[in-house]
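Protein chains in written order, with the numbering used here: chain B, 2 to 582; chain R, 13 to 355; chain A, 44 to 376.
Please keep in mind that the hints were generated in silico from the structure rather than gathered at the bench. Some clues are possibly wrong.
[Unchecked claim] Each computed EDC-like pair below joins lysine to aspartate or glutamate, with the alpha-carbon atoms no more than 20 Å apart:
no., chain 1, residue 1, chain 2, residue 2
1, R, K117, R, D92
2, B, K431, B, E342
3, B, K431, A, E87
4, B, K140, B, D107
5, R, K307, B, D414
6, R, K117, R, D127
7, R, K117, B, D67
8, B, K149, R, D92
9, B, K149, B, D177
10, B, K348, A, D97
11, B, K348, B, D309
12, B, K348, A, D338
13, R, K307, B, D67
14, B, K348, A, E87
15, A, K286, A, E271
16, B, K431, B, D380
17, B, K348, A, D337
18, B, K66, B, E287
19, B, K431, B, D340
20, B, K390, B, E330
21, R, K117, R, E64
22, R, K117, R, D69
23, B, K66, A, D337
24, B, K431, B, D396
25, B, K66, B, D414
26, B, K149, B, E174
27, B, K348, A, D89
28, B, K66, B, D50
29, B, K140, B, D177
30, R, K117, B, D409
31, R, K307, B, D340
32, B, K149, R, D69
33, B, K390, B, D380
34, B, K431, A, D89
35, B, K431, B, D414
36, B, K348, B, D414
37, B, K390, B, D327
Model, not experiment: these values are computed from the prediction.
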Amino acid sequence: MRWIRATRRGPRRGDGAMRASLAPALLLAVAALGCHTSLSPPIPAEHGDDAPPRRGGTLRLATFKDIRGLDPAGPTEGVANQAIHAIFAGLVDFDDRGRVVPDLADRWEIAEGGRVYRFTLHEGVRMHDGEELTADDVKRSVERALHKTTPDPSASYFEGIAGYAAYAEGTAEHLDGVVVEGRYVVTFRLEEPDATFLSVLAGPTLRPVCRSAGDRYVDTWQPCGAGPFKLAPGGWRRGASLRLVRHDGYFRAGLPYLDAVEWTYNMQQLTQRFRFEAGELDFLHEISQADQTRFAGDPRWRPFGSTDADTTLYGESMNTTMPPFDNVEVRRAVAAAIDREHYRLLKPAYVTPLDQPIPPGIPGYASDDVRCRRGQRYDYAAALEHMRKAGFPYDPATGRGGWPYPIDYVVYDQGLLIYTAQLLQQELAKIGLRIELRLVSWQTFLTLQHRRGGAAMSPGNWAMDYPDPSSFFEPLFTTRAIGPESTDNTAFYSNPRFDDLVARARGELDETQREALYREAGAILCDEAPWAFTFSYHFVSERQPYVRGPLQHPVWYVDPTRTWIDRSDRLAEPPAGSESP
Amino acid sequence: MRRLAWRLAWSVGVVWAVVSIAFAVNVLLPGDPAQMVAGPQARPADVARIREQLGLDRPPAVQYVRFWTRLVHVGPSVADPAHASCAIVLPLPVRRSALHLDFGKSFQMRQPVVDVIATRMPRTLLLAVAGVVLQLLLGVSTGVLAALRRGTWVDRLTVSVSLLGISAPTFLIALLLQVILARELRWLPLDGYGATVGDHVRCLVLPALTLGFYGAAYYTRLVRDEMRVLLDADWVRTARAKGLAPGRVATRHALRNALVPLVTAVGLDFGALMGGAIVTETVFRWPGLGELSVKAMLDRDGPVIMACVIVTSIAIVATNVVVDLVYGLLDPRVRDARGGGTR
Amino acid sequence: MHGRAKAGVRLFSNRSARLGGAVIAALLAFALLGPFAARHGPLESDFVHGLGADGVPVGPSADFPLGADRLLRDEFARLAYAGRVSLFIAVLATLIATALGALVGIVSGWFEGARARVPWAVLAGVAGAIAALAEGRAGLAVLVIVAAGLVAVRRPSGPLLDVDGWLMRLADVLLAFPFLLLVMAIGASLDRTTAVTIFLTLGATGWLGIARVLRAKTMQVRSLGYVEASRALGQSTAWVMLKHVLPNVAGPLIVTATVLVAQMIIADSVLSYLGVGISPPTPTWGRMLFEGADDYLVAPWLVAAPAGAILLAVWGFNMLGEGLRDALDPRDA
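Turn these sequences into a full structure, and let the hints steer you where they fit.
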């Protein structure tokens, strides 16, 4: 760091001149510059709402994050999945309402009480290298993804496939649970009936890859699949941008409309907004609160803004194995002491206060039924009452009572959570619980939170892995999730009745029965409060008027397959790099 | 000569010590690199598998030995999959072999770290050079001006502005420039690196200016003080008393006197900047070594951290040695005094 | 005595020193008295009055002289309270750095070019202190050092070492070490980031400048006539150091230390800005700057206030250092 001046000879005598009121003047000037400027007007579409889609044009997107890789079997994250979903089609996919629908598979049938899934593929599906997709390719891709040398962070989601254990250890050469029964028919055999199997299959991990990928994962493979877009030659400039071009042989005729999709990475929010206003970006997904207020307040822009579904869960995780949170009444007190509206104030456009253990946007799930009938809503009197029942009565007038020791709250410096932590500190002080914020780095935070005895209290947050309640309940609150060294069940909550309900729900293929089981399980969480559920987070987006057709997606964030651009000048651009491989 | 050899040997020792300490710190810090690769929501079984693939389940001592044996080794001079992450440094006279440099593979980016460093180093170099050039331009010119016009308002203004420059932390200057020039006036891009060469230059302006202002203040005072000392000398005063202006001869002589400490300061500065001006690179998202090392430390990306530490410490130690030598050559007083000292 | 009185007079008549001192005094007054003058505590969110009509925190007004921050707390109270924290940390860090730097610099400069006998107790003490620090026990480390010092006075036998060489090599290693990694390491090993860990970290990394300055000065003093005479007469090293070296190095020490405070304020604000500073909700100027930067466009005063405070404090100490330098050693060449 250059601030340590280990100098040989320092500066010598000064003159003591004092015309340095430059500093305050400069600051005043800067302060004065912070005045509002209004947004540029949106660029209109050319045709009316009924116009048919037109082919051509490049969709331009940006994000302040970066991607690490484009291999569906490797470590990926939300931003990369947008591109992976466009490059690789899967047997099944999520539609724009989060339900599982056929994709490469034309249809499927479920046999043997949910233990066998038989998929029949479309015929004549061409991959990016021109080869036809067959059932052998499916099996090869599955085995590649689940092999023990593949750095796949989602492999254990498929442990229900018969023969997985042997294959993952390396004792079996092939995965017996995946059977090729014909040129276009492939069957998955499961050990137990599993209602979540199709949801997990719709994810990126097992999506078929071209033969060029070989049998084993390598870092240097050029992505090639069966999706609507393919990687342009030299299309991925690391740390800078990604360009995908239309796959002309895509099995759905007529799609995609766009010639190309481009992402620019490492672009901060303000730069994105500037470029969007200038018409250089077509879609804005990362908008600061201040900007969002402006877009929403501008009548020209308001029709083109939209709010994503709430699919993340935030709460205060209380370690049920550490005092005072081993006492259920204390946990109930905490759940009742937090005014969720205060949390919402931090980022009103993004935060939805929550009083239930599942975010309301989990598609395909009736959220109203899950709302907690008891607990998990702000009620100061009830909170004090719970503290009294716990044995630690607190008198707000004198400030005496409550839990006598300070409680460590482990938190990392992420935008919203460090502020909610400070709010929580004030709220809990009012019921006699003193928490001290222990600010650590992100990786230390994960280590502490996941270790037994590591953190008494910490912010819990979980994004859905797939749109289903099991995606939240199983990793966060079941006994089975508690491993010997680390776990995602940060509350170390263990309730045999809850475990039983969740296990039964997993194997229950009847939707109504399943919902009832989850409703009952959810009620237990509401009451026993291993977490104080506080809010759910969603993104807001803004699009240019000329971007037509569906674009947002509840699982993939963006899905450009059916998007089209309604401006002749943009359609006329020659798409660069669209030569066939 | 013997002194030089001794100094070089010691420098290698310093680098070794720094790298070893950094290795120990990196291994001992809490946090699991495998978890950082797999993501926060990965299940323990999958994290464990990735940990094994990354070689992190071996004991630290074994990792330490592997690190050094792999760092510089002899290998084939043609491409070989077993040496995928190596860079060929020097072909050897022995048949078909060459000296390999191997920093390993980045956990996060899954790329050979030598490639990552090779991509990023020129950018940091560019920023360092641009920064130092601006520092010198701004600093020396204002310093000379202030020394020549001593006692006038020019002198006083220079001193106060330079004091301000030293007083403001880098990130404050960076933020100020970014807000005024990029956010409000929109003359320059907010941050980043850009795609074309033209973009690169435009993106370079603000971070270089930040470094420039911050360092210029220091050089202004340095040059001014050194020059004033000389301009105070008797013969100059005599000349002035006789009515002659200091004259260009005096100015050049004074400036030359200022060169010695200036060169040493520039050298040290440049060495430090080669490690990556962390704050500046972070605020402006300039993809150089500084930004890389911060990201690597936050992601617990061991191979990248170690590579950055190696590059940084070599840069600093090397420039220290060079500056010492140059200083010794330039300043006869030190040369003579060296007879009795150890440094 | 005569020299010191003259130095004092020069100090007061020096414009830099006067202005710098005035600014610092004003800031100190603000930091100490400000929280009493404010209407709210620095850690309290006011959900009733802090929220403006449009759902955003209020701007500068009667109740909130500098507006409310994101969590609806009084920015004025926070700024003053942060002044206490930032100044406290900076001053303490400087004291530690100065003590360490003086120790290293004087010892190094005194024994430069020769070997000295280092008591075994000292070596054991240093090793033990490092081990204690690695375990996170700062208090234990201090105890170990003090104990080692006491034993060393009694039993001064030990090996002959090139003290200056080794200390300067240590400085080299420290100079080349990545600062951020060091900060993270110290923070992690000491288990949490508090004011204590911050000023220990800054103190432990900031002694280089002082050490170098004092080393050079000590070497100069060592060759002074009356000092050599003292040694020739057989006075013990410790006595000579106390009587002759310390008074002579006091000047540069004070000047460098004053400027070091300014650098510590900057360093502390950088640490806070990078997120490895003192834990919230305790405010520091750097943290307030970081928090305000996001909402700059709607609430520029949230950035201007801490930025101005940092600038004024640093500038004030720099000015004071200038004045001290002029006053204490006008012939300094």
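Taking the hints in turn, this is what the structure says about them:
no.: 1; hint: R/K117 to R/D92; in the structure: holds, 15 Å
no.: 2; hint: B/K431 to B/E342; in the structure: holds, 16 Å
no.: 3; hint: B/K431 to A/E87; in the structure: holds, 12 Å
no.: 4; hint: B/K140 to B/D107; in the structure: holds, 17 Å
no.: 5; hint: R/K307 to B/D414; in the structure: holds, 15 Å
no.: 6; hint: R/K117 to R/D127; in the structure: holds, 9 Å
no.: 7; hint: R/K117 to B/D67; in the structure: holds, 18 Å
no.: 8; hint: B/K149 to R/D92; in the structure: violated, 23 Å
no.: 9; hint: B/K149 to B/D177; in the structure: holds, 15 Å
no.: 10; hint: B/K348 to A/D97; in the structure: holds, 13 Å
no.: 11; hint: B/K348 to B/D309; in the structure: holds, 15 Å
no.: 12; hint: B/K348 to A/D338; in the structure: holds, 12 Å
no.: 13; hint: R/K307 to B/D67; in the structure: holds, 12 Å
no.: 14; hint: B/K348 to A/E87; in the structure: holds, 19 Å
no.: 15; hint: A/K286 to A/E271; in the structure: holds, 13 Å
no.: 16; hint: B/K431 to B/D380; in the structure: holds, 12 Å
no.: 17; hint: B/K348 to A/D337; in the structure: holds, 12 Å
no.: 18; hint: B/K66 to B/E287; in the structure: holds, 10 Å
no.: 19; hint: B/K431 to B/D340; in the structure: holds, 12 Å
no.: 20; hint: B/K390 to B/E330; in the structure: holds, 7 Å
no.: 21; hint: R/K117 to R/E64; in the structure: holds, 15 Å
no.: 22; hint: R/K117 to R/D69; in the structure: holds, 16 Å
no.: 23; hint: B/K66 to A/D337; in the structure: holds, 17 Å
no.: 24; hint: B/K431 to B/D396; in the structure: holds, 9 Å
no.: 25; hint: B/K66 to B/D414; in the structure: holds, 17 Å
no.: 26; hint: B/K149 to B/E174; in the structure: holds, 11 Å
no.: 27; hint: B/K348 to A/D89; in the structure: holds, 17 Å
no.: 28; hint: B/K66 to B/D50; in the structure: violated, 34 Å
no.: 29; hint: B/K140 to B/D177; in the structure: holds, 10 Å
no.: 30; hint: R/K117 to B/D409; in the structure: violated, 37 Å
no.: 31; hint: R/K307 to B/D340; in the structure: violated, 36 Å
no.: 32; hint: B/K149 to R/D69; in the structure: holds, 15 Å
no.: 33; hint: B/K390 to B/D380; in the structure: holds, 15 Å
no.: 34; hint: B/K431 to A/D89; in the structure: holds, 14 Å
no.: 35; hint: B/K431 to B/D414; in the structure: violated, 24 Å
no.: 36; hint: B/K348 to B/D414; in the structure: holds, 16 Å
no.: 37; hint: B/K390 to B/D327; in the structure: holds, 14 Å
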